[in-house]
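Visitor: Starting from the structure of chain A, add chain B where the hints point.
Spelled out from the first residue to the last, the chains are:
Number of protein chains: 2
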Amino acid sequence: MSQRRMGATSLSQLLGQWHQENSRTPVYQQLANGLRQLILDGRLPLGCRLPGERDFSSLLDVSRTTLTSALALLREQGYLISRQGSGSITLLPESSPAISPLPGIAPVLDLSAASLSAGPEIHHAYSTALTALPEHLSSTGYNSQGLLSLRQVIAQRYCSRGLPTDADQIIIVNGALNGLGLVLRLLTGPGDRVVIENPTYSVALSTIRGALCRPVAVSLPASGWDVEGLAATIAQTSPRLAYLLPDFHNPTGRCMDEVTRQRICDIAAASRTALVVDETMVDLWFDKPPPPPMAAFDKADNVITLGSASKSFWGGLRIGWIRAPRKTINALIQMRNTFDLGTPILEQLATIALLNEAENFLPQRRNLLRQRRDTSFAILSEIFPDWKTSQPEGGLSWWIELPKAQATVFSAHAESAGIRMGAGPRFGVDGAFERYLRLPFTLETPAMYQALKRLQPIWQQLMEEPSERTRNIIV
Amino acid sequence: MSQRRMGATSLSQLLGQWHQENSRTPVYQQLANGLRQLILDGRLPLGCRLPGERDFSSLLDVSRTTLTSALALLREQGYLISRQGSGSITLLPESSPAISPLPGIAPVLDLSAASLSAGPEIHHAYSTALTALPEHLSSTGYNSQGLLSLRQVIAQRYCSRGLPTDADQIIIVNGALNGLGLVLRLLTGPGDRVVIENPTYSVALSTIRGALCRPVAVSLPASGWDVEGLAATIAQTSPRLAYLLPDFHNPTGRCMDEVTRQRICDIAAASRTALVVDETMVDLWFDKPPPPPMAAFDKADNVITLGSASKSFWGGLRIGWIRAPRKTINALIQMRNTFDLGTPILEQLATIALLNEAENFLPQRRNLLRQRRDTSFAILSEIFPDWKTSQPEGGLSWWIELPKAQATVFSAHAESAGIRMGAGPRFGVDGAFERYLRLPFTLETPAMYQALKRLQPIWQQLMEEPSERTRNIIV
Chain A
1 MSQRRMGATS
11 LSQLLGQWHQ
21 ENSRTPVYQQ
31 LANGLRQLIL
41 DGRLPLGCRL
51 PGERDFSSLL
61 DVSRTTLTSA
71 LALLREQGYL
81 ISRQGSGSIT
91 LLPESSPAIS
101 PLPGIAPVLD
111 LSAASLSAGP
121 EIHHAYSTAL
131 TALPEHLSST
141 GYNSQGLLSL
151 RQVIAQRYCS
161 RGLPTDADQI
171 IIVNGALNGL
181 GLVLRLLTGP
191 GDRVVIENPT
201 YSVALSTIRG
211 ALCRPVAVSL
221 PASGWDVEGL
231 AATIAQTSPR
241 LAYLLPDFHN
251 PTGRCMDEVT
261 RQRICDIAAA
271 SRTALVVDET
281 MVDLWFDKPP
291 PPPMAAFDKA
301 DNVITLGSAS
311 KSFWGGLRIG
321 WIRAPRKTIN
331 ALIQMRNTFD
341 LGTPILEQLA
351 TIALLNEAEN
361 FLPQRRNLLR
371 QRRDTSFAIL
381 SEIFPDWKTS
391 QPEGGLSWWI
401 ELPKAQATVF
411 SAHAESAGIR
421 MGAGPRFGVD
431 GAFERYLRLP
441 FTLETPAMYQ
451 ALKRLQPIWQ
461 QLMEEPSERT
471 RNIIV
Chain B
1 MSQRRMGATS
11 LSQLLGQWHQ
21 ENSRTPVYQQ
31 LANGLRQLIL
41 DGRLPLGCRL
51 PGERDFSSLL
61 DVSRTTLTSA
71 LALLREQGYL
81 ISRQGSGSIT
91 LLPESSPAIS
101 PLPGIAPVLD
111 LSAASLSAGP
121 EIHHAYSTAL
131 TALPEHLSST
141 GYNSQGLLSL
151 RQVIAQRYCS
161 RGLPTDADQI
171 IIVNGALNGL
181 GLVLRLLTGP
191 GDRVVIENPT
201 YSVALSTIRG
211 ALCRPVAVSL
221 PASGWDVEGL
231 AATIAQTSPR
241 LAYLLPDFHN
251 PTGRCMDEVT
261 RQRICDIAAA
271 SRTALVVDET
281 MVDLWFDKPP
291 PPPMAAFDKA
301 DNVITLGSAS
311 KSFWGGLRIG
321 WIRAPRKTIN
331 ALIQMRNTFD
341 LGTPILEQLA
351 TIALLNEAEN
361 FLPQRRNLLR
371 QRRDTSFAIL
381 SEIFPDWKTS
391 QPEGGLSWWI
401 ELPKAQATVF
411 SAHAESAGIR
421 MGAGPRFGVD
431 GAFERYLRLP
441 FTLETPAMYQ
451 ALKRLQPIWQ
461 QLMEEPSERT
471 RNIIV
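Listed in order, the protein sequences are those of chains A and B.
Mapping of the first sequence onto my numbering: position 284 corresponds to residue 284, and the numbering continues sequentially without gaps.
Mapping of the second sequence onto my numbering: position 409 corresponds to residue 409, and the numbering continues sequentially without gaps.
It does not matter which identical chain is meant; a pair holds if it fits inside one copy or across any two.
Calculated cross-link-like contacts (lysine to any residue; reagent style SDA-like; alpha-carbon spacing at most 25 Å):
#1 Lys-327 to Gly-34
#2 Lys-453 to Thr-389
#3 Lys-453 to Ser-139
#4 Lys-327 to Ala-417
#5 Lys-327 to Leu-147
#6 Lys-404 to Phe-384
#7 Lys-327 to Ser-416
#8 Lys-327 to Gln-152
#9 Lys-388 to Gln-461
#10 Lys-327 to Leu-73
#11 Lys-453 to Ser-138
#12 Lys-404 to Ala-113
#13 Lys-327 to Asp-110
#14 Lys-327 to Gly-87
#15 Lys-327 to Thr-68
#16 Lys-327 to Ala-72
#17 Lys-327 to Arg-75
#18 Lys-388 to Ala-378
#19 Lys-327 to Glu-76
#20 Lys-453 to Gln-406
Quick caveat, the hints were computed from the structure, so don't treat them as lab data.
Chain A extracted, bound-state conformation:
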């Protein structure tokens, strides 16, 4: 396993509010539940060595016996392995609830992923692609920049959004996240700082950590972006790059205005900081389209844009792209040999068909999402009247403020009941957002209603005095 070691301070920050004062659940079980949740949702990486018991127990303010019992329970459940001289190392049990539901429980309902199923245009696009395939079959199929014809269509879309772009400025990758990984490998080394919005897209955060970079958080204010905070953070920490989601930010659903785009581009230019802008959600707007791409405000070639077909079209297409200055694209093409050897040809051909037809079906997709946003808001208001949220301008989910900072405990209980949740701390650093949940509105309305109804008693129990029944659910 890897040599990563988690310090006692970092891990206790990550654990956040694991302890419920008046609970009848023994403290060691609560601690084990908190750690298990961190492992399950990937905030505590697999193969990571836990801190020494003496330091860790004193920082957590629990007895050594409590900590030992918690670790013993996790070992028994298959979440830790202890090796002589190496301490305890995180892993997943052979049949992990992250993969299959717990035995005897209804199939897992996944409220942690925000994604729609495919529309009829997907099958049609693949059929079109199949007719275009034969001319590519005489090649070896390896193509590290991606098909020129696809890059041209993508470049054209940037042009029509107000950003002159040439096909040479595009590389096709296996999804936006794969693109982020490639950019990180090119621009960063272990220990480098990467500025993120806090909260941010949880999987991007895992990717940044997976590249052994240190995320440096700039908190999002109640609305918009904290431009001064970003400038100060860049000045103070000299990050290698900043990863931003201006177009229907995930998880909050907000959109950055033109003035802010310009100011942030200017800050990046002055400090020569690369801005990596993830536009995955850009097509999913509800009321009005977003301003021109961030890169259109960039006079200094500092912006690298990540695009994706996964949310606009379908997640089962694993296609994304990177738009960047030509020099960066050339370097990325070569860097790719350390990563993968290109993107499937047929997927690229299908994406051409989809991009060509996009304006015929995207309006309908936006309508569908707008409806689901509105009906899910009505259901939420009825079932959880004390939850607060604000209307997302685009994207796929609600960012919900809970009346109590109990998101981790809540989602641990929900997981045991077969519902996977996106607890707030997954979207932030240092255990922040214990008071938040991300809730996608991508499910069809009956399924959404059913899921929220199943969550209702779990939440109510948490809000009330802890009882014997709560303990049973936790165990």
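Guide: Below, chain B alone, put in the same frame as chain A:
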């Protein structure tokens, strides 16, 4: 750019035999050519800082002025950028010959990649996949372990090769190289040692270096494998894992016998070293099928097997898989969130169709390759009678021993004439294999003949006294 810095000693080792004693090409140009070749074929990573000029020039035994002139030339050609206080950093020029041919030169003929074009079965497989697609369209398309139906077919193939395997022991990835990257991310950290065969598959070497691991070489003897050398290297260096190609080793085309497989598995078990076995070429045998998979000799769950559809079927399908113990697979599934979010559904369905039909078209593919191997051998013997090689038992290429250690210079000249070559040092560490070339026999015979004919005068010039014409080709 990244913080990697290349030490003077490492870089001069990497450069190997860059200097031709009696050449009329100025020394600074020869040095620039050598460095350019390292950048072009990826041995000198992009974004890498060159060593300080004082140390570097003294190690290379050239004057400071020579080094400065060489670096100036590379800067002018776009292969280096110099930043105040950061020294010289490698990059690729905007229009790089690694991507497009040099202006005014015939299109590049690529003899560096070993891969076939697609047979008629590929289009047929995608058509079959398209009829199976609709049942998957109601899902979000994200599937981090891969389709169960594909994993079952793959597991069944391992069973029929003598290795009992369950679908739970498989994860589908985007090609074997992507699988290697995922395994490296799980099992290693920066600076960890990874044992490799020397020579080995060049792209795997880039992937290992890209993961910031240190390759530790065990040289291949004239035939077979050096089991004692492997055991001693493992004992002395405590590597995290060893990456091996027992089934038609790339680039040598040899196959490991059963006794050696058993001994290496026993060594790995005794030292608890993970063996990562790349079976990409396993279907491409000429005379007899290979022994059972390496993992069949493993009693201690130490072997992780990488499989691929790229060589058996087509490189334009980006499908690979990992077979490993269940615990490792579960950890890889979670690790994948730091990498990509899964493999395209349709590609997986097409691979099912191909695996089901494989025994109907693989024999023909093997025949084709056997013929190309034999005719290319005849052509090679005619045009380059002083080159030596031995018959590969499988795979796609010749590993050729040249009469002079000039592979890097030869391939630099060939590149300028529009032919990309796989110079030996790409397949090894520390500048080894200057006397070797990898030459794929995947081209159709007329194209192969034409390519070798174009190489003939370039090689002859190199063998003779250097002349004014050689200089012109180099410049």
